[in-house]
Amino acid sequence: MSEQELHELLQIRLDKIRDLRSRGIEPYGGRFERTALAQAIKDEFESMEGKDVRVAGRIMAKRGHGKAGFANLQDPSGNIQLYFKSDDLGEEQYELYEKCDIGDIVGIWGQVFRTKRGEISVAVSRMEYLAKSLHPLPEKWHGLKDVELRYRQRYVDLIVNPGVREVFTRRSRIIRSMRRYLDDQGFLEVETPMMQPIPGGAAARPFITHHNALNIDLYLRIAPELYLKRLLVGGIERVYEINRNFRNEGISTKHNPEFTMIEIYQAYADYEVMMELAENLIYHVVMEVLGSPVVECQGVNLDFTPPWERITMMDAIKEYSGIDLNHVRDDSEARVLAQSLGLAIDKHATWGEIINTIFEEKVEPHLVQPTFIYGYPVEISPLAKRNRDNPELTDRFEIFIMNRELGNAFSELNDPIDQRGRFENQMKKRSQGDSEAHMMDEDYIRALEYGMPPAGGLGIGIDRLVMILTDSPSIRDVILFPTLRPLKD
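Per the working numbering, the very first residue in the sequence shown carries number 33; after that it's consecutive.
Zero decoy hints are in this set.
List time: in silico DSS-like cross-link candidates among lysine-lysine, alpha-carbon distance up to 27 Å:
id: 1; residue 1: K131; residue 2: K94
id: 2; residue 1: K99; residue 2: K48
id: 3; residue 1: K379; residue 2: K460
id: 4; residue 1: K394; residue 2: K350
id: 5; residue 1: K394; residue 2: K379
id: 6; residue 1: K94; residue 2: K74
id: 7; residue 1: K99; residue 2: K131
id: 8; residue 1: K148; residue 2: K117
id: 9; residue 1: K286; residue 2: K520
id: 10; residue 1: K94; residue 2: K117
id: 11; residue 1: K131; residue 2: K48
id: 12; residue 1: K99; residue 2: K83
id: 13; residue 1: K461; residue 2: K394
id: 14; residue 1: K99; residue 2: K148
id: 15; residue 1: K117; residue 2: K83
id: 16; residue 1: K83; residue 2: K148
id: 17; residue 1: K94; residue 2: K148
id: 18; residue 1: K48; residue 2: K117
id: 19; residue 1: K461; residue 2: K379
id: 20; residue 1: K131; residue 2: K117
id: 21; residue 1: K379; residue 2: K350
id: 22; residue 1: K48; residue 2: K94
id: 23; residue 1: K74; residue 2: K148
id: 24; residue 1: K94; residue 2: K83
id: 25; residue 1: K117; residue 2: K99
id: 26; residue 1: K74; residue 2: K117
id: 27; residue 1: K286; residue 2: K394
Distance ranges between label pairs, derived from CB positions:
id: 28; residue 1: E127; residue 2: R208; range: 44 to 54 Å
id: 29; residue 1: L181; residue 2: I44; range: 18 to 28 Å
id: 30; residue 1: Q185; residue 2: D362; range: 48 to 58 Å
id: 31; residue 1: E304; residue 2: E456; range: 21 to 31 Å
id: 32; residue 1: D215; residue 2: D363; range: 44 to 54 Å
id: 33; residue 1: G331; residue 2: S157; range: 42 to 52 Å
id: 34; residue 1: E392; residue 2: M226; range: 23 to 33 Å
id: 35; residue 1: D215; residue 2: D362; range: 43 to 53 Å
id: 36; residue 1: K520; residue 2: S284; range: 16 to 26 Å
id: 37; residue 1: G483; residue 2: L220; range: 15 to 25 Å
id: 38; residue 1: K520; residue 2: G483; range: 49 to 59 Å
id: 39; residue 1: H167; residue 2: E392; range: 44 to 54 Å
FYI, nobody ran anything at the bench for these hints, they're computed from the structure. Predicted model only: the values in this text are computed from it and were never measured. All C-beta atoms, glycine included, are put in the ideal place defined by N, C-alpha and C.
Using the sequences and the hints, build the whole thing.
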């Protein structure tokens with residue numbers, strides 16, 4: 033539809049509003065007490081036939097002319113047919129129906145009946161405008177050409193695509209199920225600062241803002257980790273938070289600068305306890321929300337039945353690249369082996385960073401079924417406890433499903449001396465230009481100096497989990513209002 037045609041339609045609808053108001057009819061109504069939803073009328077037709085009901089929703093289709101007409105009304109539960117008959121309504125009320133446009137929100141009084149063709153309907157006795165729509169709904173909203181427009185105008189996407197509403201309904205059920213499971217396990221839900229003086233808990237570039245009254249720069253948090261572990265110090269032994277993180281990074285089908293995470297901490301536990309918690313938590317959610325441990329995602333049947341596969345990072349690299357790094361500890365030797373696989377390695381990269389690059393390029397594409405990868409190098413795990421048998425590695429794991437990382441967890445480092453040394457190494461990386469390296473956090477070290485109990489921590493990306501459990505190919509499909517580049521005028 034051309035801009036000129038849209039302008040003409042807008043003018044026609046504005047004229048209708050002026051006409052309605054000239055006759056004392058308000059096109060933007062107020063409170064309306066609905067007594068039934070569309071789907072309930074259909075499900076309970078035997079008991080509701082012949083009864084008076086009040087329904088409300090959006091007009092999605094109109095047909096018929098002359099002395100009778102039909103309309104399709106959509107409410108949160110589904111759709112139901114409305115029947116308008118001039119002889120029953122009277123001239124004034126029937127004229128309201130004739131002036132009604134697709135997209136208008138209306139309140140309806142009527143009686144439940146079944147048409148001669150067998151369709152359950154409401155015979156309208158009175159109609160009230162609740163919101164006149166000025167813009168026509170799109171006739172063809174599906175398809176690749178409309179994908180970005182769907183994200184920009186999510187309100188229209190939700191109107192015309194019931195499947196989109198189902199995605200976000202399921203998202204809400206997933207989060208509610210996670211909360212219920214953790215609450216039943218004795219965990220306490222808390223909220224920690226969104227604006228932080230030092231962005232910690234992850235390797236990421238933060239967003240920076242300025243507080244005028246204090247005249248200081250603050251950072252939108254990249255993770256809640258260090259504040260949640262301060263609570264462990266304070267004696268809250270089982271704690272979790274579901275909230276937003278912000279990372280000033282690229283945008284893709286897997287990344288949005290603003291995203292939702294759940295982070296969970298348990299005192300006197302370790303990374304193995306968190307493995308069991310992770311697989312049991314997600315299995316519980318899958319069973320409660322979907323009813324089966326096998327979930328289809330992008331044509332693949334994923335089985336969430338515990339226990340999931342567990343494999344060390346080094347063994348996974350050996351399996352999928354053919355290179356055995358179990359006894360390689362030299363930066364230059366690791367670099368040569370990585371280059372033999374055709375990988376470009378930064379000249380400042382350490383042994384652990386090289387290992388991680390090999391893993392990301394050669395292993396991650398093969399990790400489809402739920403899998404725990406554990407035994408990460410210390411250099412890329414500044415907050416994780418060292419492995420007692422191999423101090424160059426940590427007791428850390430990541431969850432991989434559908435070739436992407438879904439969660440990160442480890443036995444928490446509670447040695448303040450070791451933690452200070454890790455932060456100092458991170459600061460050296462920052463001085464070499466690594467803007468994602470961790471900053472020094474003196475207050476967090478001070479908290480550790482008071483004594484933090486041994487603990488396990490776990491973080492899971494809610495958006496990525498929802499993608500898998502709704503069979504959505506892009507993270508933008510599961511975020512109501514994803515970050516997009518502004519349109520140019």
